[in-house]
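S.K.: One letter stands for each residue in the lines below.
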Amino acid sequence: MTEPINRHEFLQSMARGGMLLGLAGVGAAALHGTKDPSECMNTGFCNTCDVYKVCKLPERKEVIHGRIQENRPA
Amino acid sequence: MKRLSKAALLLLFLGLAASVYAIEIRFAPPDFQTDYTLPGERIPAPSAGFGAWDVLILFAALSTATWLVLKKRSRRGLFLLSIACMVYFGFWRKGCICPVGSLQNVAAAILIPGVGVSAVVVAFFVMPLIFSLFFGRVFCASVCPLGAIQELVAIRPIKISSSIERALGLGKYVYLGVAILGVGTGAGFFVCRYDPFVGLYRLGHSFNMLLAGGVILVLGIFIARPYCRFLCPYGVLLGWMSKFSKWHLDIAPQGKCVDCRLCESSCPYNAMDMPTPIHLMEKQDTGKKRTQRLVLLVPVITGIAAFAGYLLHEPLSRMHPTVQLSERVAAEDLKLIPEQILETEHFRAGSQTTEQLHAEALALRSQFKAGGALLGAFLGLVVSLKLVGLSVVRKRTVFEPHRETCFSCGRCYPYCPVEPEGTPNVAQERV
Chain G
85 MTEPINRHEF LQSMARGGML LGLAGVGAAA LHGTKDPSEC MNTGFCNTCD
135 VYKVCKLPER KEVIHGRIQE NRPA
Chain X
32 MKRLSKAALL LLFLGLAASV YAIEIRFAPP DFQTDYTLPG ERIPAPSAGF
82 GAWDVLILFA ALSTATWLVL KKRSRRGLFL LSIACMVYFG FWRKGCICPV
132 GSLQNVAAAI LIPGVGVSAV VVAFFVMPLI FSLFFGRVFC ASVCPLGAIQ
182 ELVAIRPIKI SSSIERALGL GKYVYLGVAI LGVGTGAGFF VCRYDPFVGL
232 YRLGHSFNML LAGGVILVLG IFIARPYCRF LCPYGVLLGW MSKFSKWHLD
282 IAPQGKCVDC RLCESSCPYN AMDMPTPIHL MEKQDTGKKR TQRLVLLVPV
332 ITGIAAFAGY LLHEPLSRMH PTVQLSERVA AEDLKLIPEQ ILETEHFRAG
382 SQTTEQLHAE ALALRSQFKA GGALLGAFLG LVVSLKLVGL SVVRKRTVFE
432 PHRETCFSCG RCYPYCPVEP EGTPNVAQER V
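If you're matching them up, the sequences are chains G and X in order.
What the first sequence shows, in our numbering, is residues 85 to 158, in sequence order.
What the second sequence shows, in our numbering, is residues 32 to 462, in sequence order.
Since the hints were derived computationally from the structure, they do not count as laboratory data.
Incorrect hints may appear among the rest.
[Said to hold, decoys possible] For lysine to any residue, the following SDA-like pairs were computed, each having C-alpha atoms within a straight-line distance of at most 25 Å:
1) X/Lys319 x G/Arg91
2) X/Lys287 x X/Pro445
3) X/Lys319 x G/Ile89
4) G/Lys145 x X/Lys190
5) G/Lys145 x X/Leu395
6) G/Lys145 x X/Lys274
7) G/Lys145 x X/Gln371
8) X/Lys277 x G/Lys145
9) X/Lys320 x G/Leu95
10) X/Lys417 x G/Ala112
11) X/Lys426 x G/Leu104
12) G/Lys145 x X/Gln398
13) G/Lys145 x X/Asp290
14) X/Lys102 x G/Gln96
15) G/Lys145 x X/Lys102
16) G/Lys145 x X/Lys400
17) X/Lys274 x G/His92
18) X/Lys426 x G/Glu87
19) X/Lys417 x G/His92
20) X/Lys190 x X/Lys277
21) G/Lys145 x X/Arg379
22) X/Lys366 x X/His389
23) G/Lys145 x X/Gly235
24) X/Lys274 x G/Leu104
25) X/Lys400 x G/Ile89
All of these numbers come straight from a predicted model, not from anything done at the bench.
Next comes chain X alone, as it looks inside the complex:
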């Protein structure tokens, strides 16, 4: 019966993906420069008062998720809440407004003079982070529509080794850095442009993005939540907050862990830290010396990475449309490319001269010099701090969820034979 329902769910999503392909936006309306306005609207404009309601609903969803994670300890409740949030924030609100994307709006408001952001967007950005700071990643557990859709398709999750997990996990830091660089230099909102699931929620997108969404969902059947684990830039911030959370999902809250390892095998995210093996418990001095050496290496690695980022400013600057256009125009002028494209035709029909365009591109390239160096420094700092973190052996006597990477999804709850007093019999609950 359970297998049947899972297969039905999978078929539903595949059907949905197929229907989305059928309505792919192939011919986008042109950007009219005259007074002409497009007749009719495919999607009704959101009402002005919706933002405040969205904030209230987000707050209610986060509070419910917190209650389900910490008090009720219910995987089934979290699963149902994630479906509700996927329907509302995903299909009803079309994946917007989304805390993951709001990261860019907030960055734009801070980095670009004169660009504004509404209080609603700031609330969407800040609220899940505050909840994460106090209760762990309850937003990821069941409120985020991007996480919810992946959680639903994670039917046969397999474990990947922790070293691969760590290596791939660096992807989200790269994405965060590139996204901020893109916003700061005006190259674009990459997190929104390359959001793999928004096409499903809006029932229409470019073929490539729909394909990317479909591939991630199919991959997500076996490797649970690939986007959240390896790409989500907002997840980086949530992880940092959750690391210092006051309360967090706890698998054996009263220290009655029986070392059955059921929680560890039930977690597909490698987010369960095992008790420290005796052979890893080394002399304090050895560990301290190694950590000290690595700490001394932090500025060296950061500096090298910053220099590498500086050297990469030219390829990085090509993500900016003005730089792309400048290079294309130059290549056409030098007869290296025989044909004009729509962008260059549009540019040549306008009032801007080639010199002005090249000067603008040159100014952008120098922005990318600083931006590339900062991006490199950020990534170098992350890698070196991760190395320091790996060298520190923490003494643990029981299985504990890793606060930074645990999504608080509650998958481990039904498997734990130790139940705290006053909680429902979660062992009978299998979702």
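So here's chain G without its partners, still in its complex pose:
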């Protein structure tokens, strides 16, 4: 016979289940929908990326913006 769980444990397991569902939802939402062909793997090295030229992701903008700032004359 299984022992009855107390209120604290019950609420904790409910919260855990909710969070697990939330994580599944976030994962599914991130993977769902029309996506850019250059899905960034977050390798962080845009200059070695094969699809850098056609990339529309914010990382590329980031790199361009960073370069402009670095090339700014002192």
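The hints should help you fit chain X onto chain G, whose structure is shown.
M.R.: Same frame as chain G, but now just chain X:
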């Protein structure tokens, strides 16, 4: 001998930092608009099949960390695993792919239409959170390369008061909110841009970020894991998960705590909750009334903070490069600033008109109105819930690790004189 090895380790890192300074990227290659491609590559491109291997390795590392924390109870094992993870995820994989940064990729895929994210990135984001939900923050314990490097330099950790810890700890919520706002508005990936340790792992970065990394590491000798405790945005999510974890690091698992307080003094993170003192045990009614009042204040504080965030939309919007450019162009046109900079020269040489630029900036500012209000509401909610949490006095009879803030690093294991049956003699293990 132990002091010597610690000094050697410190020297190694200082030497590494100095070598990184020597190879700082001072002149980044320009972004060519023609068909010209840069000859050669400084760093070989990662192979396409690496992602799946990385996921497998991350899973294996998380599983090993869980085993070391919950079953083996070995601080030494965790320490060695953290070195291995730092070498692989840090130096070998150059700090990428990283669950901390993947937070932004996932946010971008959800918030920006048409932006994609691969299953590997989602796996990197979700997997440490799931482990945290069941076993506590085992990812922070020894898998995260950012945490590992700080854990290694924490040689002389001092304790800071819990009130300062709580106040500084709000920094990570601010960083999380600003990072999501930055992604949602297209302002950039701030967590990656301002990652203080990636420069060390990649052996090259801007001087400012290398300096920031060096300062955090030197600070980390005395204040253990400052980035994890006060800034890490992913740590917020891991903490939330860990709060409800099914199993967690337990210092005296069989309830045999002898109140020696060794675990409390061995933890530099203020993550050990002491037994509730008798003078704090108040009448139930008093506590309930205070908590009820604070709960009623939650929507008020959240609303005020949301309004404050809304009012701050203009300074917040300046973190977006288009808004910055628009303001700069306007200032140059009004002759308030005599000289052009590279960005404005680049803009004036392009096809976009000034009106179009200002219209784009205006649209972004209105995005920041909503974003600022949401950011303010989030921070207000966090602060008010923290206040509610502080008002609740929980009855504890033994020392327990605080599930949300405990990194499961196992520093307390070797100090606990109570050993559960079937575990190795951890008291002899001092790392």
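S.K.: Determine for every hint whether it applies to the structure shown.
M.R.: Results of checking the hints against the structure:
With a C-alpha separation of about 18 Å, the suggested pairing of X/Lys319 with G/Arg91 holds against the 25 Å cut-off. Annotation: proposed proximity of X/Lys287 to X/Pro445 holds, straight-line Cα distance about 16 Å (limit 25 Å). Distance restraint check for X/Lys319 and G/Ile89: the Cα-Cα separation of roughly 24 Å lies within the 25 Å cut-off, and the hinted pair is therefore satisfied. For the suggested pair G/Lys145 and X/Lys190, the alpha carbons sit about 42 Å apart, so the restraint of at most 25 Å is broken.
With a C-alpha separation of about 16 Å, the suggested pair G/Lys145 and X/Leu395 falls inside the 25 Å cut-off, and the hint holds. A hinted pair counts as satisfied when its Cα atoms are at most 25 Å apart, and G/Lys145 with X/Lys274 does not qualify at roughly 37 Å. Proposed proximity of G/Lys145 and X/Gln371 is supported: the alpha carbons are some 21 Å apart, at most 25 Å. Restraint check: the Cα-Cα separation between X/Lys277 and G/Lys145 comes to about 42 Å, which exceeds 25 Å; the hinted pair is violated.
About 22 Å separates the Cα atoms of X/Lys320 and G/Leu95, which keeps this hinted pair within 25 Å; it holds. Under the criterion of a C-alpha separation no larger than 25 Å, the hint pairing X/Lys417 with G/Ala112 is inconsistent with the structure, at around 30 Å. Annotation: proposed proximity of X/Lys426 to G/Leu104 is violated, straight-line Cα distance about 28 Å (limit 25 Å). A hinted pair counts as satisfied when its Cα atoms are at most 25 Å apart, and G/Lys145 with X/Gln398 qualifies at roughly 18 Å.
Taking the CA atoms of G/Lys145 and X/Asp290, the gap is near 56 Å; set against the 25 Å cutoff, the hint is violated. A C-alpha spacing of about 23 Å is found between X/Lys102 and G/Gln96, which places the hinted pair at or below 25 Å, so the restraint holds. Restraint check: the Cα-Cα separation between G/Lys145 and X/Lys102 comes to about 46 Å, which exceeds 25 Å; the hinted pair is violated. With a CA separation close to 22 Å, the supplied pair G/Lys145 and X/Lys400 stays within the 25 Å bound.
Our distance criterion of 25 Å between C-alpha atoms is met by X/Lys274 and G/His92, whose separation comes to about 13 Å. Only pairs whose Cα atoms come within 25 Å are accepted, and X/Lys426 paired with G/Glu87 is accepted, the gap being roughly 23 Å. Between the alpha carbons of X/Lys417 and G/His92 the distance comes to roughly 19 Å, so the proposed pair stays at or under 25 Å and holds. The suggested pairing of X/Lys190 with X/Lys277 is violated, with an alpha-carbon distance near 29 Å, which exceeds 25 Å.
Restraint check for G/Lys145 and X/Arg379: the C-alpha separation of about 18 Å stays at or below 25 Å, so the hint holds. Of the pairs offered as hints, the one joining X/Lys366 and X/His389 holds, with about 17 Å between alpha carbons and a cut-off of 25 Å not exceeded. For the hint linking G/Lys145 to X/Gly235, the alpha-carbon distance of about 20 Å falls within 25 Å, and the restraint holds. Between X/Lys274 and G/Leu104 the alpha-carbon distance is near 13 Å, which keeps this suggested pair within the 25 Å criterion.
Proposed proximity of X/Lys400 and G/Ile89 is contradicted: the alpha carbons are some 47 Å apart, above 25 Å.
Against the hints set out earlier in the document, violations occur for numbers 4, 6, 8, 10, 11, 13, 15, 20 and 25.
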